[in-house]
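Engineer: Based on the hints, put chain B in the right spot on chain A.
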Amino acid sequence: MSANELPVTGGPAAAPLHTSIHGDGPAGQDHGGEGVWARAWRTLRKNPVAIIGGVIVAVFVLVAVFAPLLAPYGGTELPGRDEVRPTMIPGPSAEYPLGLDRYGGDVLSKLIWGARASLLVGILSTLFGLTGGLLLGLLAGWFGKWVDFAIMRLVDLMLSVPSLLLAVSIAAIAGQSSMAVIIAIGVVQVPIFARLLRGSMLAQKGQDYVLAASALGLTRRSVTMSHVLPNSVGPVIVQATLSLATAVIEAAALSFLGLGGGEPSTAEWGRMLTAAQQELAVAPRLAILPGICIAVTALGFTLVGESLREALDPRNRTRR
Amino acid sequence: MLRLIVQRLLLLIPLLLGLSILLFGWVRALPGGPVQAMLGERYTPEAAAEIEAQMGLDQPLPVQYGKYLLQLVQGDFGVSLQSGRPVLEEFLNRFPATIELTLVALIFAIGIGIPLGYVAARRSGSIVDHSAVVVSLIGVTVPVFFLAFILKYLFAVELGWFPTTGRQDVTMIATHPTNFYVLDGLLTGEWDAAWDALMHLVLPGIALGTIPLAIVARMTRAAVSEVQNADYVRTARAKGIKPARLRNEHILKNAMLPVVTTIGLQVGLLLSGAVLTETVFAFSGIGSFLADSVFAADYPVMQGFVLLIAVVYALVNLIVDVSYGLIDPRLRRQQ
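Protein chains in written order, with full-length UniProt numbering: chain A, 1 to 320; chain B, 1 to 335.
Quick caveat, the hints were computed from the structure, so don't treat them as lab data.
Positions of the beta carbon are idealized from the N, C-alpha and C atoms, including for glycine.
Possibly wrong hints are sitting among the right ones.
[Unchecked claim] Covered, in the sense of this in silico footprint (three residues per stretch, anywhere, with C-beta under 8 Å from a C-beta of chain A), are these stretches of chain B: (1) 106-117; (2) 257-271; (3) 289-296; (4) 301-313.
[Said to hold, decoys possible] Residues from chain B that face chain A, not an exhaustive set, calculated with beta carbons under 8 Å: (5) W26; (6) A29; (7) V157.
Bound conformation, chain A alone:
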């Protein structure tokens, strides 16, 4: 059903990325025997957009990893509980650089711990989606015929429901917790990865080098595993990077809809935005700060993903 094709990045049309049976294939011809990944890395290092994205991602990851060292207070601590009144939420001060929220939590600390929560949701849900999608895509691409048909119809079904609704439905089954959010976002990504990998494996299957490998007497398993699959992963890696951005946004959306579970004062960016709704007129910073964190993080992953796609696209390769 072509109607449900998602605007997947890279796409099945993306040509061979790592075409080397042993040594060099078509991809290696124009630049010595240099591998595709080495070439991509060389392009990325010179691309200012990729560098900006990379720096954002690096800062985000460092903040998330070193949250206990960086944050003045713990993620669940409410140091200013006695200073907050319903009508008065203290703004930035020497003690609380970004002010307090309505529960008496230190906003700076919560933002820092929120980075950790976002990173965790992003990585785990993308891994979930990637694993599920790879499994389905691999099964479909390998067996073909009715297995392929059955899997692709399941994928169509999942894509026929708008992503947020699918995520909400899954989170409802999985119960209200951060794990439910991770599973929900992961499942939503499964059909995207499955379709992407299948398309890209199908494109590879018709290539001459695959025929050559089969003609040399390689088993189907080793043709699939050591030739077709490695050459099909480029678009998948690009999609995974972009998925990290989507996951951060969708996780915030699900918590915003109240599906994250836990205390309302949890140090999580989406949750902070929900809580800030009531003080929009009094303390807009409470909504703006976590919103900016979500947007900048998503921007970082998007920039890296887009530059990676550009670097891996054989059409952008310049002969020298």
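Structural biologist: Below, chain B without anything else, positioned relative to chain A:
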């Protein structure tokens, strides 16, 4: 053309059957099962047994599914636990609001996205080109509900240019023959009611339309960049054709096909985004009702709305596919 439409409609049947099986299983997979979900804190074993018998939940699964399917075919999507009214009625009452909102969002996205993408491609490297890139980045990285917050804060709370919530001023007395509030006002001649409803649509429409705007601008830019360097465009220019004609008949017409596909695909995104946007602006469409039913564990509404929204989504995509033929005569012949 007709054959294509019938073909595509027939393909909808297996899709809906599959979805109904998934949704049937979904309710049974809810924590504690449907009865627990329905009773919530009022749960007692006796009450549960009574409801199970009443709803036929004590029968074998295939029988239950058969009954569910039979009800669906008859347009019976169950009863909302929050309001006690049929799910289909709740859906149809609120759907016009969401259509209005989605249309405003699409008009915003297309009306700005296509010209922006076009100029960006024609003047590659100019300020317009750079701003198009920035707009498309904002569109994919800023969460819809955050954007909705910001718009609401700036233009409704601080500046007071637009209303903060709802579909129409609560003090406004207006009749609603169709439930499309803007249309209602125009039909009945209540101009101020129509204007008020339109003002209520502006901010949610912009918030919802920003992501599609980004995607449409980007697609248009890519398509126009490719088409404008085609041989036939160079030939046309060499023949001394007027710039306006070159733009409309040679470049835009040929660049529109991928853009139309993209616009069709945005509908799913718009329906997802409507849940969030409608919630922020307390706009009573299907999105905010669905969000409420998530809070209230109103599973018949969730089940029914997901199915109905999938039908809407599939029909929109069908229309998009059919419209290819109208845009591209080459495809018409193939069909």
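Engineer: Would you mind marking each hint as holding or not holding in the structure?
Structural biologist: Hint by hint, here is what the structure shows:
1. Counting residues of the region 106-117 of chain B whose beta carbon lies closer than 8 Å to any beta carbon of chain A gives 0, which falls short of the minimum of three for the stated coverage.
2. A count of 6 residues in the region 257-271 of chain B with a Cβ less than 8 Å from any Cβ of chain A is obtained; the coverage claim is therefore met, three being the minimum.
3. Given a C-beta distance limit of less than 8 Å, the hint that chain A covers the region 289-296 of chain B holds, as 4 residues qualify and 3 suffice.
4. For a cut-off of 8 Å, the count of residues in the region 301-313 of chain B with a CB near a CB of chain A stands at 6, and the three-residue condition holds.
5. A cut of 8 Å between beta carbons decides the hint on B/W26: the least distance to chain A is about 6 Å, and the hint holds.
6. A distance limit of 8 Å between C-beta atoms decides the matter here; for B/A29 the minimum to chain A is near 5 Å, and the interface restraint holds.
7. For B/V157, the suggested interface contact is upheld, since its CB lies about 5 Å from the closest CB of chain A, less than 8 Å.
In terms of the numbered hints stated before, the structure departs from hint 1 and from no other.
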